[in-house]
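Colleague: Chains as they are written, first to last, in the numbering used here: chain R, 1 to 159; chain P, 160 to 338.
Bear in mind the hints are in silico, worked out from the structure with no lab data behind them.
Any given hint might turn out to be false.
Claimed, not checked - Each pair of labels, with its calculated beta carbon distance range:
(1) P:Q180 to R:P131: 30 to 40 Å
(2) P:R323 to R:V34: 56 to 66 Å
(3) R:A121 to P:D164: 14 to 24 Å
(4) P:D164 to R:L33: 36 to 46 Å
(5) P:R314 to R:N58: 49 to 59 Å
(6) P:N316 to R:R37: 43 to 53 Å
Note that the structure is predicted; figures quoted are calculated from it, not measured.
Backbone N, C-alpha and C define an ideal beta-carbon position, used for all residues, glycine too.
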Amino acid sequence: MFYLREYPMVVGLLHGLLGSRLVAEELAQETFLVAYRDWDRISGLDNPRAWIRKVAINQRGSFLRAYLRQQTRERDTVARHEDDSIKLADDHAELWQAVRTLPPLQAQVIALHYYEDYSVAQVAAALGKAPGTIKAQLHHGRRKLARLLGTETDRGRPR
Amino acid sequence: VSIDDRLRAASRALRESSIAQVDAATPLREIVLHPVQLVRRGPTTVLSDPPDQPQEPPMPLAPSPPSVARWRRAPQRVALAVNLLLVLALGIVIGIAATYRQEAASTASTVPIPATSTVVATPPLLLTSPEVPEACLDAAELADEVIARLNRNQRDNRLFLALRDYTIASQNCRRAASP
Numbered sequence: 001m002f003y004l005r006e007y008p009m010v011v012g013l014l015h016g017l018l019g020s021r022l023v024a025e026e027l028a029q030e031t032f033l034v035a036y037r038d039w040d041r042i043s044g045l046d047n048p049r050a051w052i053r054k055v056a057i058n059q060r061g062s063f064l065r066a067y068l069r070q071q072t073r074e075r076d077t078v079a080r081h082e083d084d085s086i087k088l089a090d091d092h093a094e095l096w097q098a099v100r101t102l103p104p105l106q107a108q109v110i111a112l113h114y115y116e117d118y119s120v121a122q123v124a125a126a127l128g129k130a131p132g133t134i135k136a137q138l139h140h141g142r143r144k145l146a147r148l149l150g151t152e153t154d155r156g157r158p159r
Numbered sequence: 160v161s162i163d164d165r166l167r168a169a170s171r172a173l174r175e176s177s178i179a180q181v182d183a184a185t186p187l188r189e190i191v192l193h194p195v196q197l198v199r200r201g202p203t204t205v206l207s208d209p210p211d212q213p214q215e216p217p218m219p220l221a222p223s224p225p226s227v228a229r230w231r232r233a234p235q236r237v238a239l240a241v242n243l244l245l246v247l248a249l250g251i252v253i254g255i256a257a258t259y260r261q262e263a264a265s266t267a268s269t270v271p272i273p274a275t276s277t278v279v280a281t282p283p284l285l286l287t288s289p290e291v292p293e294a295c296l297d298a299a300e301l302a303d304e305v306i307a308r309l310n311r312n313q314r315d316n317r318l319f320l321a322l323r324d325y326t327i328a329s330q331n332c333r334r335a336a337s338p
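Please construct the entire structure, taking both the sequences and the accompanying hints into account.
Modeller: Written as structure tokens, this is what we have:
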């Protein structure tokens, strides 16, 4: 089933960008609820997977601020009692932590390109930006991450 | 290790951990168990696979809203209101009949005291002859019949006729009972 297959992936993407499993799951559920309400149309799209990710990312941008303001107190209370993260090895967790310090567009570009394995063109389509902008954001994002983590700069080139 | 390699490795790890640690079935169960909170409009639908992917049996997520049941309850409320009105009317009929009987008793109970009687006063005798007008008895019987039909939910021509007869009998009763 589409939902069962895609839901954990969307939660992972949002977790990479937000660092909170609780908030990532809430946003993912909201995203799938939007899809559920209009599924007749969305299932007929060329790529429903991309649509889901686009909505999830956009929710992260527009909805998140108001949502977090409302939920922060409750989330903090819950987070004290539960481990509010997807468990990763320390170096991977450190890298995603660094990604979250990037400007939002750079973080989104990095997440879609690496986590979702999207090409530059696919990232550009998902975020509604020009491919050149995406290439530049990838370049700057990688450079900042390398500086933050004390790693070599990228040797690979965006596809 | 380049940043590119680290990003790829970290992304792969996050993907695998998400699939392993995130339970998609739990929120789905919540949607199935509490559809009213989450599904705010529209008919029942399912998140099945898109047409180009293999199909699996769909799972219904929400029942349709129970608006029909609300409309079905309306006649029951009307029946209840009619029942209450009939009970009220029956009470009035019985009250009028009782008043009439009491008045009849008081006029008939003036028993003359013999002149040679002793000083001891005897209490006035109360006559209890049932002087209820025939029309009131008919009205009471017809009211019983109407209530019985309403309780059995028999809303047909016989109910209409019984109601009509009851109304006429009730009016006759009132007329016969009034001084």
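Colleague: Are the hints correct? Go through all of them and say.
Modeller: Now for the hints, and whether the structure bears them out:
As the Cβ distance of P:Q180 to R:P131 is approximately 34 Å, the hint placing it in 30 to 40 Å holds. For P:R323 and R:V34, the Cβ-Cβ distance of about 59 Å falls inside the hinted range of 56 to 66 Å, so the restraint holds. One distance hint, 14 to 24 Å for the beta-carbon pair R:A121 and P:D164, holds here, with the actual separation near 23 Å. For P:D164 paired with R:L33, a C-beta distance near 37 Å keeps the hint of 36 to 46 Å intact.
For P:R314 paired with R:N58, a C-beta distance near 57 Å keeps the hint of 49 to 59 Å intact. A hinted range of 43 to 53 Å for the beta carbons of P:N316 and R:R37 is consistent with their spacing of about 49 Å.
This entry satisfies every hint, going by the numbered hints stated previously.
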